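Enquirer: Take a look at the letters that make up each chain.
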Amino acid sequence: MTCGRTNAGRDQTVLRNQAVLWDESISRDKSVSRDKSVPRGDSVPRDKIVVRGLRKYFPVGGTLLDRILGTQPLVKAVDGVGFTIRDGEVFGLLGESGSGKTTVGRVVLGLEPATDGEVLYEGRPITSGLPRSLRRSLQIIFQDPHASLNPAMTIFQGIEHGLLIHSSLNRAERRERVYAIMEKVGLVPPEVLAHAYPSGLSGGQRQRAVIARAMILGPDFVVADEPVSMLDMSIRARILKLLLDLKDEFGLTYLFITHDLATAKLICSHVGVMYLGQLVEVGPARAIFEEPLHPYTRALIQAVPVPDPARARDKALPHGEIPDGIRPPSGCRFHPRCPEPMPECGWEPRDLQDLIDRRLLELAEAQGRTGPAGFDVRMVEDEANHSLMVANKPALLRLIDAERDRETPLGRAIESVEVGQRSVKVRFRKPVPIPDVSIGDRTVRCLRVARD
Amino acid sequence: MRVWTRLKDELLTVSGARILIGGAIVLFYAFLAVFAPALAPFDPEELGVGPPLQLPDSTYRFGTTYLGYDLFSRTVYGTRIALTVVFLASTMALLAGVPLGLFSGYLGGWFDRVAVLIMDSVYSFPDLILAVVVAAVLGGGVVNAAIAVSVIYVPQYFRVTRNHTLSVREETFVEAARALGASKLDTIRRYIFPNVSQSIPVILTLNSADAILTLAGLSFLGFGITPPKPFWGLDISQAWRYLTLTKEYPQVWWWTAIPGFAIVVLIIGFTLLGEGLNDILNPQLRDSKR
Amino acid sequence: MNVEAVKIEAVKAEAVKAGARNVEAATVEPSEFGKETVLSARNLSTYYRTKRRVVKACEAVNLDLYRGEVYSLVGESACGKSTLGATLMNLVPDGTEVTGEIVFRGRNVLTLSKEELRRLRGTEIALIFQDPMTRLDPLMTIEKHFVEALQSHEPISRREAALRGARALDAVGVPPSRLRDYPHQFSGGMRQRIMIALALVFEPVLLVSDEATTSLDVVVQAQILHLMRSLKDRYGLAILNITHDLGVVAEISDKVGVMYGGHVVEQGTALEVFHRPAHPYTGGLLNSVVHMGTTQLSWIDGMPPDLGSPPPGCPYADRCDLESAECHRSFPPESRLSATHRVHCHRVAAGLAQGRDAQ
Amino acid sequence: MAGRGKPSSLLNYIVLRLLLTLPMLFILLTLVFVLLRVAPGDPAAAMLGAHASVEVIDELRERMGLNRPLVVQYFDFIGDTLRGDLGKSFRFEVPVWDLVKHRLTATLELVFFAFLIAVVIGLAVGIFSANRRGTVWDLGGNVYGILTYAFPIFWLGIMCQLFFAVKLGWLPTSGRFTGFLSPPAMHTGLYVVDSLIEGRFDKLVTSLRYLALPASVLGVYISGIFARMVRTNMLQTLKSDYVQAARARGVKERWVSLRHGLKNALVPVVTVLGLQFALLLGGAVLTETTFSWPGLGSFLVGRLLERDYPAVQGIVTVFALGVVIMSIVIDIVNALIDPRIRY
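Residue numbers (numbering that gives the first Met the number 0), protein chains in the order written: chain V, 0 to 451; chain L, 0 to 289; chain C, 0 to 358; chain P, 0 to 342.
It should be emphasised that the hints constitute simulated quantities derived from the structure, not laboratory data.
On a predicted model such as this, the values are computed, not experimentally measured, just so you know.
A couple of the hints might just be wrong.
Unchecked claim - Short, incomplete list of chain P residues facing chain C, as computed with Cβ under 7 Å:
no.: 1; residue: 22
no.: 2; residue: 249
no.: 3; residue: 262
Every residue gets a Cβ at the ideal spot worked out from N, C-alpha and C, and that includes glycine.
Pulled out of the complex, with its shape left as it was, chain V reads as follows (with noise of 0.2 Å):
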């Protein structure tokens, strides 16, 4: 029932050639010639991206005088990022939406400022913007090839364009570096699909030019953002095999950016996960899908589908989704989702709200009660004192009771109730930091691992 064909034999031939082709004219070209001072097929690789420390945070919505003001609420879309990606490896940056995977590479890449920290590329910094001369070295893919040709330039024009900027080459040597690198990506005959418009291409046939014009430049570090998600079942594991042929012709690094961790199992070599804004686990491929230790991680995993209806069935998935990164979470930022979480992961105020809101919900649904009313809880979040004022004070109060009678981590992590008149003041004990934890060559941020 196999239908997948391999036709790998002849391409090899074919990439061989343009190689050669390739290191001959490098030498031609106008730029700095790349640092080539530590050979190939080195025994220790080195590192080609350090990312230390990396913050981007996005000034987003607010109030008119928010924007005049400039004092606007920031996302903090990364918040504190550091992997290393060594020579010659798939780095797989994993997450849901809104985890902030698409910033870190935009900002390793330069296209964006960052707020913070630093990235160095074979350990020159490139935090603060990329030479000219080193934007060859480091390229990008993107997720929607129907978005990130320009409709208005030719197949030709728009693989073409990287060279017009980067090189002195003639015509003639210009268009026979885009015919080779179309043939290398499959786009065949190049003669005739070169001057066709993107609107003249299927999803497959744009992505394959998007890979073509990042590579015409050469590039030795690529990140790949999402590269297949918006193609068909069928088209994907073609263009995975492009870029992990292009990889072994070119000994290319990716960085590898997804939501789809059978892809990332299947081809990278170290995968980090990122949880609003920040890494929860980083380690290699193999030992964190073997054995995820991060409660997040888990239910990525979990959540992934199974192609097979025997055995797809019931999973214990975290309630809730990624909240808002304005203002995440304290304490360990996944903790309001945890299937296993502590007193201690950082519980606060509005965990509460969330409480009250499936509670009320159970009630409703034992009573049957219908409608909105009695749900209206308000309630005044004084951050400063980590407690809470509710107006409605027997249903909080018993609310609160069964939490800390029955134990539960945010039962336990009140601290004090105090009732007052009008108000009811609900402390919280202050959120303990979440150390980053080294387990051989990975690392977990959790709580329960640290302590374990």
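We have chain V; now place chains L, C and P onto it with these hints.
Expert: Quick look at chains L, C and P alone, frame taken from chain V:
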């Protein structure tokens, strides 16, 4: 090139019909403008070539005015002034508004803020009042009239170009250009402008219609084109003054009706052309046709 | 009993028409006919007419939806699955040519008047879509959405409608206290839950989900799939699930139909299709899916056919490893591998015929 | 995840929005100043004409303060305007505001009724043709839009005068009120309202008769564009996903079109209405001239022709203020309609 292949596909549809009719009307006026000396039997600026207030007949095909101007010659020559002013005004407004909009939209920052503030203020000001004041201050004449008209269209080109630039700027392919290391100028020239330029023919034609109306309004009020130059709005103005003074309303209908008709048909031509182009060039605005 | 007999006759007649000679060989599983048929399509074709050509978006489709079952229609982009979904709801644009028969609980959907259709939609048939972010009116509170939907179908007071809305939100896990909020105040997963609540407020018989989980994150997607499964059990819904994601299909489906080039080339129970795929395309598609157990990449070469000028024979012939001359000549007849498992493939048909001859 | 919206004060928003219009006002005033004091060279010479002697011109320059540095003049102008002093007419030698105020009410009356007519016709035609998209009715709406746009407004005015006033004799040709009656006592300056306050039915009828033609011509002129905006925006919202979803829920078609289609179309339409207001003022200049309506527009034309620049400056400033006020009103109305706009 893409535009032409699409045009070919579309010419048989409703928008195609609009383009054909509108284009034919505009071409007809252009023809009149070019061959005016051959077509007009009299000098349009010469007094008393016929008896005053002559009804249309075989010699004075559109009749004559109170001062004995030949209305047919004036109407034909009027196309020259109309199209010249439109051309000059559009070109000036385009050359100022489009580049400004491109840079303002792409670069952003304080330059953008200041440009937007100024342009929006001018834009929100009543067009005709602005044009009248400028025309009054500059004085009459074709070039001055064109400047007065163009002042009100610069903000329009600016706005359309800037808004379009803002949306194109967010497209992934522009980010791809940055990832390639393309300079800002290069990005604007090769990635932004070709995608933004699609809307220019549309506003160009639609603004042409508007410009004629503005020019006619100016001339009617006594600014812009001044006597004895042959222009439709001016003739209507003269006729109206004569009518309000003498109260001979029904007797001289041709004096107002014919120049007015000349304006109406040309406006319709430009409007149809502009709308047809809009349908084809901005498919996202097009209603689904299935 | 009588009904079942008629059904069996109908199935036989259908099979004869399709040219399958193995009617007798088909083992009829009694359970199949114990269920209430909600919707059945017979020989259904939808052609779009554009200026220059006719797009045969779906052709000669037969399928049945039963109460309490999830039927997943799976295929790649432009295979006709969304058209088929729209056709079944009679939501195709004017000027589209639809032939064949769609029977929803005894009524032919294609012959209903506009008003009858409107009454049907919402009350008995409900739809949920991809991209919940744009499916709610930004200027209306959630409560108003419920009031509007309910008042469209029954005389009901605002208050009462709001109460029913609260109950429906309750059922899908959205706090009813948020009834007065506007759509932009909800997250994507929450909005999809609200869409489902809006669909379920009438307790419909059939729920059509058109890529409803596609734009959601893995975790939220899993949550929504879980919700849909539990709602199916609670209300005895029939669910038509249109998707391109085989993982999603495996998660919730009872039956699966695989579409390719406008045809449903293979359909059967989820186990049959996933464990014993008979059509080469189904096999290829299953192999190309990267899942947690994948160790090697594989794919199908070539491109899907253009529905505007489909090839004369089997639409998959050009990409198939096992094609024969016959494949390029005629569209394969339906072969029945079990009461539920049917496939359109010349090779399978030939294999079955051989097997019978050998007996 | 979008949090629950915190209710914030609309009043704050309005105050802020007012503050934000200051730069716009400032730029408009600067524009007026540049146009009238900087560009044309010597206003004094222009005002007095070609035959005036140098001494006379110098005296006028002295009197108007034109011999002071431009910067000083500029700040004087801005300061005076902010204090509500619009300057003094050169010709009438009285404060501009005294000349302007009852002409302003005449213009307001005309513009208000024209606006009313435009909104009624525009909404009706727009909704009608959007709901009957692609039919003859829609085509009719389209033709209406193009024709009302293509007719120069003054020409349409003259034609209407010739037909309704002269040929049929139904309505007066021009002016604002008959000479046989004394106009209603000034309360608001709007004759229609003042007649009602006075309780004089005959005066009400007379003022409406005089108002009918100019207001209709101006209203019809704007209504075409307005109808097109309504139609386009409604079609756009009727195609949107949430409308499809509502249809799929079996919501009645009329509800779909009015509740979802019209309401959502109103946000852009209200914005456009604000811009139409500027168009309306421009059209008012022409209409007032055609019908000899004693409004601000025709007054401006007269002052321009007489080169009474101080008066022109004052009038243009009044127009600029009107535009600024309108833009604030539009923003606030939109903020009330659309819950997504955060103040």
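Enquirer: Could you run down the list of hints and mark each one as holding or not?
Expert: Against the structure, the hints come out as follows:
Look at residue 22(P): its Cβ only gets to about 30 Å from chain C, farther than 7 Å, so that hint breaks. Here the hint on residue 249(P) is kept, as its CB sits about 3 Å from the closest CB of chain C, short of 7 Å. Because the beta carbon of residue 262(P) sits about 5 Å from the nearest beta carbon in chain C, less than 7 Å, this interface hint is met.
The structure shown violates just one earlier hint, number 1.
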